[in-house]
Amino acid sequence: MKRLAVILLPYSWLVALFLVPFVIVVKISLSDTELAIPPYTPTLDFSQGWEGLKSFFAALDFENFVFLSTDDLYWKAYLSSLKIALISTFAALLVAYPLAYGMARAPVEWRPTLMMLVILPFWSSFLIRVYSWKAILANEGLLNQFLLWIGVIDSPLTILNTPTAVYIGIVYTYLPFMVLPLYSALEKLDGSLLEAAEDLGCTRFQAFWLVTFPLSRNGIIAGCFLVFIPVMGEFVIPALLGGSQTLMIGKVLWEEFFSNRDWPVASAVAVILLALLVVPIVLFQRNEEKQREAEG
Amino acid sequence: MRKISWFNATSLTLGFAFLYMPMVILVIYSFNESKLVTVWAGFSTKWYGELFRNEAFLDAAWVTLRVAIVSSTLATILGTAAAYVLVRGGKFFGKTLFSGMIYAPLVMPDVILGLSLLLLFISVGLDRGLLTIILAHTTFSMCYVAVVVSSRLVSFDRSLEEAALDLGCTAWDAFRSVTLPIIAPAVISGWLLGFTLSLDDLVIASFTSGPSSTTLPIKIFSAVRLGVSPEINALSSILIGLVTIGVISFSITTKRAAVRRIREENAT
Amino acid sequence: MAQTKPMPHADVFEPWKDPKAEPLIRFRNVTKRFGDFTAIDDLTIDIYEREFFALLGPSGCGKTTIMRMLAGFETPTEGVIELGGRDIANVPPNLRPVNMMFQSYALFPHLSVYDNIAFGLKRSDMPKSEIAGRVEEMLRLTRLEKFAKRKPHMISGGQRQRVALARSLAKAPKLLLLDEPLGALDKKLREETQFELMDIQETTGTTFVIVTHDQEEAMTVASRVAVMDHGKIKQVDTPANIYEAPNSVYVADFIGDVNLIRGTAENLGGGSYRIDVGEDSRAIDVSECDAEIATGTPVTFAIRPEKILVTKEPPEDRANALEGTIIDIGYLGNLSTYHVELPGGQMVKAAMTNSSRISRRAFTWEDKVWLSFRASAGVVLTE
Numbered sequence: 001m002k003r004l005a006v007i008l009l010p011y012s013w014l015v016a017l018f019l020v021p022f023v024i025v026v027k028i029s030l031s032d033t034e035l036a037i038p039p040y041t042p043t044l045d046f047s048q049g050w051e052g053l054k055s056f057f058a059a060l061d062f063e064n065f066v067f068l069s070t071d072d073l074y075w076k077a078y079l080s081s082l083k084i085a086l087i088s089t090f091a092a093l094l095v096a097y098p099l100a101y102g103m104a105r106a107p108v109e110w111r112p113t114l115m116m117l118v119i120l121p122f123w124s125s126f127l128i129r130v131y132s133w134k135a136i137l138a139n140e141g142l143l144n145q146f147l148l149w150i151g152v153i154d155s156p157l158t159i160l161n162t163p164t165a166v167y168i169g170i171v172y173t174y175l176p177f178m179v180l181p182l183y184s185a186l187e188k189l190d191g192s193l194l195e196a197a198e199d200l201g202c203t204r205f206q207a208f209w210l211v212t213f214p215l216s217r218n219g220i221i222a223g224c225f226l227v228f229i230p231v232m233g234e235f236v237i238p239a240l241l242g243g244s245q246t247l248m249i250g251k252v253l254w255e256e257f258f259s260n261r262d263w264p265v266a267s268a269v270a271v272i273l274l275a276l277l278v279v280p281i282v283l284f285q286r287n288e289e290k291q292r293e294a295e296g
Numbered sequence: 297m298r299k300i301s302w303f304n305a306t307s308l309t310l311g312f313a314f315l316y317m318p319m320v321i322l323v324i325y326s327f328n329e330s331k332l333v334t335v336w337a338g339f340s341t342k343w344y345g346e347l348f349r350n351e352a353f354l355d356a357a358w359v360t361l362r363v364a365i366v367s368s369t370l371a372t373i374l375g376t377a378a379a380y381v382l383v384r385g386g387k388f389f390g391k392t393l394f395s396g397m398i399y400a401p402l403v404m405p406d407v408i409l410g411l412s413l414l415l416l417f418i419s420v421g422l423d424r425g426l427l428t429i430i431l432a433h434t435t436f437s438m439c440y441v442a443v444v445v446s447s448r449l450v451s452f453d454r455s456l457e458e459a460a461l462d463l464g465c466t467a468w469d470a471f472r473s474v475t476l477p478i479i480a481p482a483v484i485s486g487w488l489l490g491f492t493l494s495l496d497d498l499v500i501a502s503f504t505s506g507p508s509s510t511t512l513p514i515k516i517f518s519a520v521r522l523g524v525s526p527e528i529n530a531l532s533s534i535l536i537g538l539v540t541i542g543v544i545s546f547s548i549t550t551k552r553a554a555v556r557r558i559r560e561e562n563a564t
Numbered sequence: 565m566a567q568t569k570p571m572p573h574a575d576v577f578e579p580w581k582d583p584k585a586e587p588l589i590r591f592r593n594v595t596k597r598f599g600d601f602t603a604i605d606d607l608t609i610d611i612y613e614r615e616f617f618a619l620l621g622p623s624g625c626g627k628t629t630i631m632r633m634l635a636g637f638e639t640p641t642e643g644v645i646e647l648g649g650r651d652i653a654n655v656p657p658n659l660r661p662v663n664m665m666f667q668s669y670a671l672f673p674h675l676s677v678y679d680n681i682a683f684g685l686k687r688s689d690m691p692k693s694e695i696a697g698r699v700e701e702m703l704r705l706t707r708l709e710k711f712a713k714r715k716p717h718m719i720s721g722g723q724r725q726r727v728a729l730a731r732s733l734a735k736a737p738k739l740l741l742l743d744e745p746l747g748a749l750d751k752k753l754r755e756e757t758q759f760e761l762m763d764i765q766e767t768t769g770t771t772f773v774i775v776t777h778d779q780e781e782a783m784t785v786a787s788r789v790a791v792m793d794h795g796k797i798k799q800v801d802t803p804a805n806i807y808e809a810p811n812s813v814y815v816a817d818f819i820g821d822v823n824l825i826r827g828t829a830e831n832l833g834g835g836s837y838r839i840d841v842g843e844d845s846r847a848i849d850v851s852e853c854d855a856e857i858a859t860g861t862p863v864t865f866a867i868r869p870e871k872i873l874v875t876k877e878p879p880e881d882r883a884n885a886l887e888g889t890i891i892d893i894g895y896l897g898n899l900s901t902y903h904v905e906l907p908g909g910q911m912v913k914a915a916m917t918n919s920s921r922i923s924r925r926a927f928t929w930e931d932k933v934w935l936s937f938r939a940s941a942g943v944v945l946t947e
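Chains as they are written, first to last, in my numbering: chain A, 1 to 296; chain B, 297 to 564; chain C, 565 to 947.
Just to be clear, a hint being listed does not mean it is correct.
No farther apart than 25 Å at their CA atoms in a straight line, the calculated lysine-lysine pairs in the PhoX-like style are these [as the list claims (entries may be wrong)]:
hint, chain 1, residue 1, chain 2, residue 2
1, B, 551, A, 188
2, B, 387, A, 290
3, C, 710, C, 686
4, A, 2, B, 387
Cβ-to-Cβ under 10 Å is the rule here; a few derived chain C residues that face chain A [stated by the list, open to error]:
hint, residue
5, 686
6, 735
7, 764
Label-pair distances were calculated between CB atoms; the ranges are [stated by the list, open to error]:
hint, chain 1, residue 1, chain 2, residue 2, range
8, B, 473, C, 820, 34 to 42 Å
9, C, 713, B, 540, 51 to 59 Å
10, B, 301, C, 940, 57 to 65 Å
11, A, 109, B, 540, 17 to 25 Å
What the hints contain is simulated information worked out from the structure, not anything from laboratory work. For each residue, glycine too, the CB sits at the ideal point set by N, CA and C.
Same shape as in the complex, but just chain A (with noise of 0.2 Å):
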């Protein structure tokens, strides 16, 4: 009886939190728009029974989905955060990688407190972290005054409000996430593993690429999902430094609810962006279960 009481908590928390929720937006995304609130129709009546049910059901209908689907924005909108995405996963993984690889072969007495300065940042304040590229990236922006006063440029870049500055954004703040799976790869490689490559007649950097790299494949796929997949729905990046020009979906989503009061449509939004995400998050799940199990 106690057992099923601790099981049945936490069960029943997150059935109604997350998954009753997730039911609901479905339900809505095939809803029709109407102005009163709550903004659709037709809602659930519970007391008129089976009939009510029914006329529920009678009502719903994929408008939302194939006005989804007629209008450009939405589409562009998919693509480029699918590209914004997968660029900025790459870009990550490339800065990600040499800081995690001098981690790991940093002298083990270093390593805690290096590790504590990965993780640090990710407890301070995501937004405020994002914030504080506004100052440097703006066209009076510190990195600006840096380029010219160094020579490189001879009038200001316009980086903030652009993509490069929403790729900025997101590898400086997702990297801990990149790091943190990547150094813990890196660091059960045994040595031995690359003296045996050096002693067989590699040099480092063919014993880097035939023993180090393949082995490091775990970390590299769970950081590129840990990136990949949250990145896809970002709003606050490309709300803060992306500026008009970058159409991102996350950013749609919370338009078409705050500024247009579309609610079906957002739910909509998010029911397809939720069926894009079902698969990475999916393959994601299963490359953690491998590993674990490999590792138990």
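With chain A held as given, fit chains B and C onto it using these hints.
For chains B and C alone, coordinates are given in the frame of chain A:
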């Protein structure tokens, strides 16, 4: 025995410079006299003074703090139970669904979580306010707590619990007197994680808060959306400072505890 | 420690006794320091082609450092290491004709057994067409044909050990280094594998240098053994000489069981000595001693337990006989060991073969017995 190589030293330096430079600049410029954030006009603490006179910010901070404390505490209880069920629960109906519901919120975009929770609160007729934010934050924080605690539970020697049962404990006694003290560091980090996530959250709070319950991130977001403000720099510096002190002192205490434990183990 | 090596005859393999032989490896006054710690202290040693050379010592004695210097992972702080007459200080590990079998085996977990063995060959200038043949040959040599496609985690510990050996032998190195190659195997498998290693060494004709802390292993496989302590080599000799003629208390004590009795030497001339071991006990007579020791020098007399005979009555035909009391008896199956206390309090261990299956125990606790041994049974050590 190899010393740190030139390449590794460079990548560590550049990597950490990238991670810390923006925040260092932010803190430095919070002491700037000028209202223009990009021009240095001399040292001043006036923005901190203005910040503490701004009642809207103070109210929002108070709301945020209450939400964070209540939701992370609830999340710790639920998350620890969830971790226990995941690791020790054996097989039960819908376990795959359960573990899916634990892991999915970790990677789910905030906009989807926020939207779905809001639509739930509206369909059950719950007015948006402090309670709805707490419910929302508890939901995603408990998943983080569950992951942190379950990773500790996995590496935990089960025979310790069995020994407690063998010595006459009930299952609950065994959990309270053996399991809990051992997983306590993970439970505490789970609470801290939930607390900071709640402090930090903008998107979900935006969806689930009402007019009377504006949190600090919502306030900051609306202030910085259009530009940079020195007052926000001051506020950010305070938050960064608090987090730094918190994380460092926490890691020092846990490290001390670990060192003490190793010493005690060696002594016996 | 049974010696299966053939009796000396004309073409016996003993290049170290031939002044004209050119050593394959030559360490000349090599010192290696890590910060303040001296791992190798002024080491000079020659290792010859086709030798099976064992470095034996407790952990931290510097034997692994010697091996890592040969492989190229460490460079000497002072001194010169020559391979085939050439200083190899500046040759990186990937260009040395030396391969190593790692203690952890260091098999690449993402590659199959086949690809692990082929790994080094693909880095060499061997034509692609010949690689497959060479890998097959190594698989046959190590009896791994059936496992070529498996990943390292899908085979047993003994098989992994053979993959590691095949991989390091594939490039036909001039010198193969083996770092505790059998350490991870259980006792039975280890004994079998020792003989396999000797076979493979003989078939391939490669020079093997093995690092081990297991004296039995070193004695079994090696043509010569170097006993090390604190970065210095104490003695280099054949297993039989290391055992029967140790040159120091350290070596005598490190290899096998030994009784160490302190005393003062009296030189009787012609390699014979009388050792005075104190007032309570008779002096010990020693003959056939190589060292020249002045009368009055404090010495240690070392004698192996199996060289001592235990009897009820004083024997007549032995040079030395000491009376004592049995304190402890250990039954080991093939032999029994007796701990006998001499009147002066000195404990002496004696081992007797249990040659008949059913026999009444000859001795029991507290029995007065005689310990006897020949004058040539022990050695006199000054160190």
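Enumerated hints in conflict with the structure, sorted upward
7, 8
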